[in-house]
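S.K.: In case you want the letters, here they are:
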Amino acid sequence: MVVSLISIILLAPLASFAIFALLGLAKRNFPRQDYLSTFAMLVALGCSLYLIQEVVSDPKPLTVEWLSLGSVTFSMGFYLDSVTVIMLIVVTLVSSLVHIFSIGYMHGDPRYPRFFAFLSLFSFSMLFLVVSDNLLGIYIGWELVGLCSYLLIGFWFEKDSAANACKKAFLTTRVGDVGMFIGMMMLFAEFKTLSLYGDNGIFDAVTTLESGQIAGLSIAGILIFCGAVGKSAQVPLHTWLPDAMEGPTPVSALIHAATMVAAGVYLVARMFPILTPTSSLVIAYVGGITALVAATIAIVRFDIKRVLAYSTVSQLGYMMLAIGAGSYVAGLFHLTTHAFFKALLFLGSGSVIHAFHAMHAHHDDEHTDDAEHEHDDHSLVHEHGSEIPPDQDMRNMGGLRKKMPWTFGTMLVATLSISGVPFVFSGFWSKDKILAGVLGRAMEWNSVHHYILFSMALIAAGITAFYMFRLIFMTFFGEPRNQEMHNMAHESPWVMTVPLIILAALSFPIVNTGWFNKDYVKPPEQHHVSAPQHAYVSPDTKTADANFGFSLFGTSEAEAAEEDGGNGTTYTDDAHYAVHKLAHNIAMVLSICVAGLGILLSWMFYQRRTFSAEGVATTFRPVYNLFWNKYYFDEFYDGVLVALTVWKSRLFAKFDLSFIDGIVNGVGKVTRDIFAAFIGFFDNRVVDGLVNRVAEVTWAAGGRIRKIQTGAIQTYLFVVLGGIVLIILIFRLF
Amino acid sequence: MEFTLKTFIFYGFALSTIASALAVVTVRNIVHAAFALMVTLFGVAGLYVFLQADFLAATQVIVYVGGILVLILFGVMMTSGRLEMRIHIERGQLLLGAGISFALLMLLLTVIANTPIWKNLTDDGTPLSPTTERIGQLILNEKFLLPFEVVSVLLLVALIGAALISRKEVRE
Amino acid sequence: MEPLKNIESLAYFSPEILLVVFAAAVIISDLIVKNRESNIVAYISLVGLGCSLVAILVTNSFINSNEPISLFFGMIRLDGFAVFFKILLLLATAATILFSLRSEELDVRLKGEYYALLLAVTFGMFLMASSTNLLMIFISLETVSLTSYILAGFLTHSPRSSEAAFKYITYGAVASGTMLFGLSMLFGMAGTGDLMQISSQVAAVLDSGGVSTLTVLIAITFILAGIGYKIASVPFHMWSPDVYEGAPIPITAFLSVASKAAGFALFLRFFHVGFGKPEILQSIDWGLLLAIVSALTMTVGNLAALPQQNVKRLLAYSSIAHGGYLLMGAVLLTTEGLGAIFFYLIVYLFMNLGAFYVVVLVANEAGTEMIDGYRGLATRAPFVACAMAIFLFSLTGIPPLAGFFGKWVLFYAVIGEGLYWLAFIGLLNSVVSLYYYARIVKAMYLESTEDTDSFSFPTSTIALLSVFVVPTILIGFLPIFYTLSEKIILQ
Amino acid sequence: MLLSLMIFVPLFGMIVVLLLPRESEELIKRTTLAFTLVPLVLAVVLFVSYDRSSAGTQYFVNVPWIDAFNINYYIGIDGLSVTLLLLTALLGPICVLASWRNIEKGLKAYMALFLLLETGMLGFFAALDLFLFFVFFELTLLPMYFLIGVWGGPRREYAAIKFFLYTLFGSVLMLVAMIAVYLNSNVINGVAEGARTFDIPTLITLAGTTGHALADSTFQMWVFIGFFIGFAVKVPIFPFHTWLPDAHVEAPTAISVILAGVLLKMGTYGIVRVNMAMFPEGLDFFTNGAGFWGNSLALLGFINIVYGSFCALAQTDFKKLVAYSSIGHMGFVILGLAAGNSAGINGAILQMFNHGVISAMLFLLVGVLYDRAHHREINGFGGIATKMPVYTGITTLAFMASLGLPGLSGFVGEALSLLGAFQEFELITILSTIGIVVGAAYFLWTLQRVFLGQLNPKYEDLPEINRREIMTLVPLGILTIVLGIWPNFALDMFSESVTNLVNALNGI
Amino acid sequence: MSLQHYLVISSILFSLGIFAVLTRKNAISILMGIELILNSCNLNFVAFSRFITPAESIVGSEVFRFDGQIIAIFGIVLAAAEAAVFLAIILAIYREFGSIRPDEVDTLKG
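Protein chains in written order, with this note's numbering: chain S, 1 to 734; chain E, 1 to 172; chain H, 1 to 491; chain B, 1 to 508; chain G, 1 to 110.
These are computed hints drawn from the structure, not numbers from a lab.
Note that beta-carbon positions come from the ideal geometry of N, C-alpha and C, so glycine has one too.
Keep in mind that a hint or two might mislead.
Claimed, not checked - Chain H is faced by these chain B residues, among others (derived, beta-carbon under 10 Å): (1) 8; (2) 21; (3) 22; (4) 67; (5) 68; (6) 69; (7) 106; (8) 136; (9) 146; (10) 152; (11) 156; (12) 160; (13) 173; (14) 176; (15) 183.
So that you can see chain S by itself, here it is in the shape it has in the complex:
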């Protein structure tokens, strides 16, 4: 039953794509690819929902031998635990909604059916990634979503910026993937398997590692995390995600906000049991830095989608930080809430863009016409269109709340959620849980690192609130800045607003936090994380009932002890427990404060105009420039990496021509010179069509021998008789 359900979940979208591809070979299209894909997604959604209750029965419903190489076997299979189910639902749900939204949004596009086919393919890949029970399967899904991302970012490939962006996305993530692959190789070399679960799975085997092997495990963990760095756009590989906004907005919502980019977080969460203190800390720091860096960049963006993109990057950093700090449940919880409200934000922005778009056809290419036709040879990752399309420029917007009430309303909900406005919005809870977890660990371990991480998270939270409200204020409040465009704007059709409303509903905790109740999501054990003084205790379990009345996420102490009793850890340390409780309280207060501060500042800047944003920008010009130029990451990559790569390949190509042949050449020259010195014939100019210099030398030698053949018979006789004398003398001497 479970197996067939999962199969249906996977096959439904795949079938949708396959139909498209097969008909495509015959240069035909399925009449209603959009309905087909949407239907497939809805089927998958239904099955996913059904699976909620099936979790407990058997976490490994299916394992098949995929490859057997004598001693080593690679198996493929499904793994179904609560996290899987949650991810399945998130993916299928967001995907379904995006499908529906796209019916409206993409209407009239010349490649309309293709879009849906690609969405289906993506959904399949993502779901495959989610349900896989082994690293190989995850990696396969991982790369496939990368491919879909590539295809969808480059959906409007006529735009050079889109063409560049998709390539950049693929390549940048591939760099991370290579790291992940190396990590997989390390694990495989050690454990001779890539299966995660089961008796001989990695998680089982990892428990037997000696302490001396932990360093290697740390490296492997970090390398696996590299994959997540790429896919989840963590610093320093984050630059592709903002560029990926060249894709159609529903794509941004689905892939680059809700699902694919979250796959990195999912992966790290899945690999939770092999994380060591070192690798955890690296993950947490990368996450923290990403959260902060991306947030600061987002402040100064004007492109509505880029603001959201940086916001996504920042939030993903948040999740990484959470998992790195051991707050497994919090991280996944934030993943879920973020998926909904960020998808909502993107779709909302899509709705806005769509509204503005009425005046431009999709492909009028106003902003790409000026684009250079000649291709820049050096550009591998180079980003072209840094100018903002007018329909996405917030400076053209303003005052839309009346024109687009539904869009405004839903987006506001999402903004409140992401900003961490307390209690009624899911974002608050998930973010709060992260902050609490990090602070709890800091206090518990008395770890400077975690205090730093906590402060990073806190600042990022404040900035998030600031720039999100900046977005809202600039877009929906105030006066229309571009009247002409404003006049054209209109509320989107119902196929677009309904998904928004559904997503808005999902931004309330009552709807989605239920999954993270005490029984449903349990953090796996980390065998190699040991606290300095006492046995490892998950912050999640310990901070459980510090939730002001919401016991949704809590696990009572007794229950936790009961469930985790097997591994000899004690859960009765009251001091420890108290620390977490305290931490949670502090975190909550602080988070409410920074969120409030952020919103307030935003209001003062962009609504009240108490301060002038431009003024501040002028005052802090260097900082502003830093933010505006995105910390110069792109420039760095362009300037150094790309140049290096291209230079290197040029070098190689040159090497091929000049060096290899050059060696031959050199040998030839030396030989030739010696030859010439001995025989005294000067260089014979060599004729065309020689294979290479060896042939040239050979040829030259042939020419010399020819010259001995003078045609005068007495020369020949000299050779004969001289030869005789020589032979005799030579053999006489030996």
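Could you slot chains E, H, B and G onto chain S? The hints should help.
M.R.: Same frame as chain S, now just chains E, H, B and G:
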């Protein structure tokens, strides 16, 4: 070895052979060279006599002096009006040629001096049984019949060939 | 077995006798037949060859494989070795006659002499293959040489032909003179002219200190000059490009195959029988000497062939190189080596003669021997071009053509003796040789010419060409040829 | 019998084609197609009926051929060879189809040579007698020379002779090594007894017998080198690779397909069949030995990967790019083989097969474009995805497969090779993964420059890929996907054989 | 008058013949050089057969004394034949080239 008339005559033949051979390879006038060659061939014939090869000596005189030498002189006359060879011989070629032939001579002399089985063999002077008759038997009836027949074919071929190649009228 | 006396020997001598008889018949019939265009003399020669072949086969049946027959008081010997070479030479001569029929260079009025000379030279070669006496060796060599000089200079209206003859005879006379001197030294050392006895005699005197190794070395080196010039090995090879280029093409083909084969027959018999004794072999490192000569021969031949523009001359150098390959098999005179030489000679016979036949045909049609004349041959005469490509690639030694198998057995023999370096040089040489052979192929297939009218050849020509093509493809696949060395025991 | 039939049907076809009149081109093409389909059918039969559970040689035929050297006509298949036979037989008809329209002159000769080539390739993969193996190996040379030289591009003469000379040079060394092996095949403890043999299975056994001359490690090392260079030229392994780009660029499409699809595999197949199986000590020296030499084979693989990839990155000729990418991908094969463990070797073999399929696709695709635009300059295109969506789709599939996208076949072999290699050579393998990124870079960059962006106005009227061309590509595309999803389809065939090989290697 | 005397004489003749062959600028002189060489060989044969102890022979050692002489006779005959052909060829050369200088007959080379 006592110095008798026989040895004197022997050395006379030997020296005249070598001296005239030297002349053959050095004199400029080709007719002179031909005559020097004649002396050499006579000398060799004389040496054959010393080796109890009277029939051979006669053959040498008849075939060589009477045949080959005349042929050569004919050749000289048919190919060149000028008998003088005022041809500049390259010094390098001369030196190299001299060097090679000298090296060969030295090698051969070394060998002759260092081969025990060739040493100290003196001619006891016993005459062979009537040479002409024995040779005739050997050639026509015994061991050397086959070479004789083959040589006859060879001579025929040489005859045809020489005639063929030197024939003028073939050229249109 | 006691050597047979003269009269008793005649029956075993019938192949040679038949050749001479038919040579005489050719000359006589030439006098009788008035029509200059008639090819009757050529057919008579072919009949003569056929009769001779039958006679060879008949005499072969007399041979008890373990006991060769000595004829004419030990002057010559009839054994499997001689029979093998006789058949080979006979085939080469037959092919040459057939080529000559097609050749347009030859003067029609001299047909009688021409074919008679061909038969005579074959006669001489037969003797070369079977001589076991120093005198016979020299006489047979001279017979072949003198006839060859004449044949090379046969085109009396062509300066090139005369020049070829002149160079050939000058070179040949000096070489054979040198050889004769060496033979006389050998005679002096052994006290006999009988090759069968020489080896033991020389070994004995060497052993007793009666002669120094230097004496043996000089004698054999001098003799090598005479034989080496026949097989055109370095440093005695220099006549061959000029002579091959100047001589009529059928004669070039004949010289490059038959003359070389006969030279090898002599070489093998002389060294294997006369100097196969280990004591003599050890006195001087003959193996090394021959290996060096072999390596130099193929290298010089191949390198010098590279820049050639004249196909005939190119093939001349190529045949020098092939002489070098063949010499590899002779280096240590092992059974494998001999077998390899036999095999390779067969293969070489077909592929080299075939290539020369194409040269004849192209010279007739395109009027040139230059590579440029081969341009576009693939379209002008597809079959001929294809055949030529097969011959050339076979000469290179590319599988699955016979040349490869020939080289394989040779290299096998060489490596079997541990001479890896020689095998390696040989193999590198075959890589080099590809380059110049491929130039002809390139001209035929990859280049085109303005002149596109195709050549038409009579069926007989195509058939004759096929006679060479088919063995060139097939010989390697037939197991029988690999066991020749077992059948031809050389004692 | 089945196997012999399969090998010699194309040869028979060649004779038939030669007998057909020159003018009836359609007939010639159809005949050729028929004669290439027969081996395909037979290959499929063999593939299906091969007993996967036993790793031994099946369908063998052993008939004495040249007694004097104990050479036998000995053919047979194991899992490895049957896989490559299938590949070869599959590419046969595809190449004929790909040559359907664009051979302008000498069609008859072309087809005849092609059939001869096919016999050579099929025979090579089936031969179990070392001599026969060599003969078939070389048999491919001649047809290839002509096919490139006569029907190639502007610099065809140069490319053809270069190909020929390089390969001949390699095989020369191989020949020496082969003779050395043969000569030592009856020497035990310094005493020669019994007959020598070319029989590969026997030689493999002998090479593992203590005291046997073939088992001597120094001997094995040298012979290993001899064979290896011979095969390395074919693979091609740096620095013997320079013939490849030229040959590919000049060769007609179908010949490029064969070259990349099958001929390169002959090199690696030879390495597995001869070098690894027969000379474990030699292999050991180059993969496990002390110091530099112990890493040399893996280093060669690494250099191939990185070097090939970077060179590909620098190319602006579409075909040259694909050619260099082949060099890079064959590097993975070498790396996997160097690993000498189950994952590595299986991966390498799988990569051989996959690369055969994928590179064949790539060259076909380049050919499709070239037939339309008559040039291959990458920068001279742009935006043709709008004009040729189906073509673009297939190209994307091929590119993705080639750059090792999981789910497509290219990934599995590559990943397994790397996984295997990592266990033996950590650093080299990690460095080799650069190739993965660079591989993605050049393919994506090409995809962008050729297909994406604004449509180059020159190509407004570019016709879409036609049905015949799609027909040539679809089987390969299906294989790419199927093998990506279910690699056991092919891997099953040879994993047992590989297990035996690995056991033998470990048994040292 | 020991064997060595004859051998020395023949060696000198041989060397002089070689010298002539190598250096003379007239084809006929070269022919003369060749004749010298052949004469030296004949002399060798005759001398050897006169002095050397013969090997065991089926036809008796007495014959050996004649062997050398007969070989020399054949040598003379061959020399004559060779000379005839040589001169014929020289005539042909003279016709074609107008010269019998060996170094002027060099159209075939390279």
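S.K.: None of the hints should be skipped; say for each whether it holds.
M.R.: Hint check results:
Restraint check, residue 8 of chain B versus chain H: the minimum CB separation of about 13 Å is more than 10 Å; hint violated. Given the 10 Å rule on beta carbons, the hint for residue 21 of chain B is violated: about 13 Å separates it from the nearest Cβ of chain H. Given hint, residue 22 of chain B at the interface with chain H, holds; its Cβ is 9 Å from that chain's nearest Cβ, closer than 10 Å. Using the Cβ-Cβ criterion of 10 Å, the hint placing residue 67 of chain B at the interface with chain H is satisfied: the shortest such distance is roughly 5 Å.
Because the closest C-beta pair between residue 68 of chain B and chain H is about 4 Å apart, less than 10 Å, the hint holds. Taken as an interface hint, residue 69 of chain B checks out: its beta carbon lies about 6 Å from the nearest beta carbon of chain H, inside 10 Å. Interface hint status for residue 106 of chain B: upheld, as the beta-carbon distance to the closest one in chain H is roughly 8 Å, under 10 Å. Taking 10 Å as the C-beta cut-off, the interface hint given for residue 136 of chain B holds, the closest approach to chain H being about 8 Å.
Checking residue 146 of chain B against chain H by beta carbon gives a least distance of about 7 Å; that is within 10 Å, so the hint holds. At a threshold of 10 Å, the smallest CB-CB gap from residue 152 of chain B to chain H is about 9 Å, leaving the interface hint in force. Interface restraint check for residue 156 of chain B: the shortest CB-CB distance to chain H comes to about 7 Å, inside 10 Å, so the restraint holds. For the restraint placing residue 160 of chain B at the interface with chain H, the shortest Cβ-Cβ distance is roughly 7 Å, inside the 10 Å limit, so the hint holds.
Evaluation of the residue 173 of chain B hint against chain H yields a held restraint, the C-beta minimum of about 8 Å falling below 10 Å. With a cut of 10 Å, the hint placing residue 176 of chain B at the interface with chain H holds, because the nearest CB-to-CB distance is about 6 Å. The criterion of a C-beta within 10 Å of any C-beta in chain H is met by residue 183 of chain B, whose closest approach is roughly 5 Å, and the hint holds.
Of the numbered hints listed earlier, those contradicted by the structure are 1 and 2.
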